[in-house]
Amino acid sequence: MSADVLDSLDYDEVLARFEPVLGLEVHVELSTATKMFCGCANVFGAPPNTQVCPTCLGLPGSLPVLNGAAVESAMRIGLALNCSIAPWCRFARKNYFYPDMPKNFQTSQYDEPIALNGSLEVHLADGTTFTVAIERAHMEEDTGKSLHVGGATGRIHGASHSLLDYNRAGVPLIEIVTKPIVGAGERAPEIARAYVTTLRDLLRALDVSDVRMDQGSLRCDANVSLMPRGSSTFGTRTETKNVNSLRSVERAVRHEMCRQAAVLAAGGEIVQETRHFDEATGTTSAGRRKETSEDYRYFPEPDLVPIAPSDERVERLRATLPELPWQRRARVQAEWGLSEAELRDLVNAGALELIAATVDAGASSAEARSWWVAYLAQQANSRGVELAELAITPAQVARVIALVAAGTLTNNLARQVVDGILAGEGEPDEVIAARGLAVVSDDAELTAAVEQALAAQPDVAEKIRGGKVAAAGAIVGAVMRATGGQADAQRVRELVLALVSA
Amino acid sequence: MPTISRDEVAHLARLARLAVTEEELDLFAGQLEVILTSVARVSEVAAEDIPPTSHAVGLTDVYRADIPRPGLTQEQALSGAPASEAGRFRVPRILDES
Amino acid sequence: MNAPLTRLSASELAARIHAREISAVEVARAHLERITAVDPVVHAFLHLDAERALAAATATDEGLQRGDPPASPLAGVPLALKDVFTTVDMPTTCGSQILQGWRPPYDATVTRRLREAGVVILGKTNMDEFAMGSSTENSAFGPTRNPWDLERVPGGSGGGSAAAVAAFEVPIAIGTDTGGSIRQPSAVTGTVGVKPTYGGVSRYGLVAFSSSLDQGGPVARTVLDAALLHQVIGGHDPLDSTSIDAPVPPVVQAARAGADGDLRGVRVGVISQFRGEGYQPGVLRAFELAISRLRELGAQVIEVSCPSFDHAMPAYYLIAPSECSSNLARFDGMRYGLRIGDDGSRSAEEVMALTREAGFGPEVKRRIMLGTYALSAGYYDAYYGQAQKVRTLIIRDFAAAFEQVDVLVSPTTPTTAFRIGERVDDPLAMYLSDLCTIPSNLAGNAALSVPAGLSDEDGLPVGLQVIAPALADDRAYRVAAAYEVARDAAEGGPLAQRLPGLAGESIPGPDMAEVVGL
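Chains as they are written, first to last, in the numbering used here: chain H, 36 to 537; chain Y, 148 to 245; chain B, 1452 to 1969.
Bound conformation, chain H alone (with noise of 0.2 angstroms):
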């Protein structure tokens, strides 16, 4: 009988019981050229073992050199993080068997990290904020990826065989780990989450990562255990990984904490064990047991040198930061006037980030805000995505702002650019010209058009003629129906103001 089944205790009981610890461990594939220790290139999606060489297939005699972006983009993020900048590090290598792995070990970093000791402020939605610490930020590579043939839907488990695609393996990755977060409460699957996205964030800001959860440039595993109230001794842990969206981040950790104390309410004890999360059911199972607890026998990599970054290197790298997204957000608070509320609602709606990079990109405040609070948002919902999720650039939205303004679009024609991107037709001059969205700014068209609607309703012709002049809206409506919403409703109300009188 399996405790997942049980699932049953309810969240106000769970808290009321149990205080959750949380550990977040967030890998980053960074977006460097090139891999890790070789000159192929970090790229997604290209045909199999063909992003290849000896080095990241491990051949016997190859040997790896670091890539300096890699290590600098460590060190920003470790910076980035508030952490300090190790002095002197090295890689270490972590022995262990599997056929993803080209030299059946890992090269990472193990004792002796890049960027230890920092803190990440993360806001939530009740307009408090929680500080998550930091401890520690290292770099590894990333594996190949393995298809499994011949078991259910690809399933590793029942497969008759794998297949080996080591494009992937080499990739730069850098890890990124919590302290223990506690004292979280009934608001821990929200802090993840938060943790997480701000994370997100801080990585776009930084330009070292695609951070896309989706394609696995970003993936959390959350280590949750629960202790009982009173209590101050960790409980034990499970590490549940394949969490692969902000919403799931939430999910998973809610999920694993019900779960947990369903078990130890029912006086069943938690194993120490790694849990797959299941987008579909919003649940988490239970990988392979190890039988033996395992000896990766790290020990310092012989084939690569120690990284001892001067003080003043450090010093450099901090200073070309970026604006971060903290910083950001006490500037355009000052700069748009907002309130502390307006501000928060941004940031809970995703938005800020996205209505910055808008501005960024020539669009005013006051419509970029307008844009993503709105249709964008709805558009989002009805997805039932994030914000950021949506397939549309900041820059692109700038675009349609910009060719409203200069009359090009409508509002309306505007969302139905809007929605051809959405809808993954191109960039919005694309849209434009396949949908054929244009504003109808001929006045021959126009007048052909007008006449008729006061033609096909002599009536209201006539009461404009008499002073009625509100009466003009039928007519521009008319017109507006038959070109489509095409046309310049200011224009053709001009026109049929012109030709009445006329």
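Misleading hints may appear alongside valid ones.
[Said to hold, decoys possible] Quick list of the computed label-pair ranges, beta carbon to beta carbon:
hint, chain 1, residue 1, chain 2, residue 2, range
1, B, Arg1718, H, Arg348, 49 to 55 angstroms
2, Y, Gly205, B, Leu1735, 51 to 57 angstroms
3, Y, Glu191, H, His192, 48 to 54 angstroms
[Said to hold, decoys possible] Selected chain B positions facing chain Y (in silico; Cβ < 8 angstroms):
hint, residue
4, Trp1553
5, Thr1693
6, Asp1793
7, Glu1800
8, Lys1840
9, Val1841
10, Leu1844
11, Gly1895
None of these hints come from the bench; they were simulated from the model.
Think of the CB as a built atom: it goes at the ideal place given N, C-alpha and C, for glycine as much as any other residue.
Given the coordinates of chain H, assemble chains Y and B onto it according to the supplied hints.
Using the frame of chain H, we list chains Y and B on its own:
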């Protein structure tokens, strides 16, 4: 004096992915013990104040520019593979370890 | 006329080829014929590629005919490459079943530099499996025999390269030295073998045994030839992070200067730890004679104590196996090489274990398990950690010694070549072969072995080891070259030329007067 049992040798062989035979377990247990007894002399050296040396050369900060270089073609990559399929290395079924 | 060609040194052959007195093709053919004649008994080679070798020789000849300058001072000279360096046109097996038939899709940097220098690679030489051993008996493809006595080992791990040079199958060869695998075979085969400063020769494409100790280097019959080859393969390689970004030390210049036979002002330290008990008397007598020759050349000889060297061997037998246990993990039958037991029912994990069990020989398995043990949780500090501290002490002993002297000397190995089979069942006895050579690998400095005559009790070659500080490889060359000239003069010719006739060899011994008088 280090002693090393048959069970320990079996554990080491598992860690090292060696399907050793029963005879080898006996042979290696004896030989490893002799070798370990001999090399245990390293523990005679003074400890605390001596830093370990992992690299004989004192180099630090050796980096590569982040510029792509041509690697192998798919055909070259797979040229030594005992089995391949669909541009990938074909391997026996993998037990779930994670 | 073939016999004299194979008896010439690389520098002599190069001079004649470049002067167009003889062709590189003739030289390659002469050596290939010699290999055909003697390798059935010596078994120095694992692979030969006569066709490609002749094509490379032809390219050199054609260039010279066009009036192009030779690609290097060794252009057109035949060479044997230890089968631990990757080659796109020949298999690379490392003497192991697990890599039988593997054709790498890339060339090692050393291989590439040899090709670019116009050196004619005849084939790949035998070695102890993955360079683990001191006798070449651990090769999966059968032992190599010592040309001085076919019942004896040629040393190891690079016994193939040393034997090929000693047997006049090639004038020069490439070896690798992790604990003495160039110097010890050179000592017991009467050849010159050099372990350059760690980082002096690129390790890219050298299949790793112990990454922090491995170093490729030259094997030759003369000190000058070794220097010429060192110059060709040495120098910075951006593909090896531990490669030293500095010019190759002036080894060729030093070898030529040394040949003047003047060592006045040079301070030579005799390592007191490496001359006492456990050394074959004939080896010690040859060593004492070498010391007196150095004195005659004007060197100031003093005794130097390096007490931590007593711990070098235990430290080595923890560090090297630890690194090897990790380096050899990649041989699992998934991506290249042997795969055993893939019957559709077994898991990858089981196939890996069966492949490694079948593909590795006993010494490799022994060291993998020893290293796995030494790195395990709970043992790391006592073994690997402690060994790394010994390494620090050894570096300190060298530093102190080199404040007093310019070079250090010792016998290269405690005994002359032992009999095939004599030590195979006694790993510790085998390990003693590298007693004197290991400290230089742990410290990363430069060391070479130069022939020091024959041991008087068994008539087998003895080696003199000359050790220089890191990056001062030229010092060792200068001393060795001076000593070589003095010894040859005293003994009436180069030691190598006194090689007895080999079984199956129909070619009469060389005309010594002609060879020496060149």
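Here's how the hints hold up against the structure:
no. : hint                                        : in the structure
1   : B:Arg1718 with H:Arg348: 49 to 55 angstroms : 42 angstroms, violated
2   : Y:Gly205 with B:Leu1735: 51 to 57 angstroms : 36 angstroms, violated
3   : Y:Glu191 with H:His192: 48 to 54 angstroms  : 52 angstroms, holds
4   : Trp1553                                     : 6 angstroms, holds
5   : Thr1693                                     : 6 angstroms, holds
6   : Asp1793                                     : 5 angstroms, holds
7   : Glu1800                                     : 6 angstroms, holds
8   : Lys1840                                     : 4 angstroms, holds
9   : Val1841                                     : 5 angstroms, holds
10  : Leu1844                                     : 6 angstroms, holds
11  : Gly1895                                     : 3 angstroms, holds
Going down the numbered hints, you'll see the structure goes against 1, 2, while the others check out.
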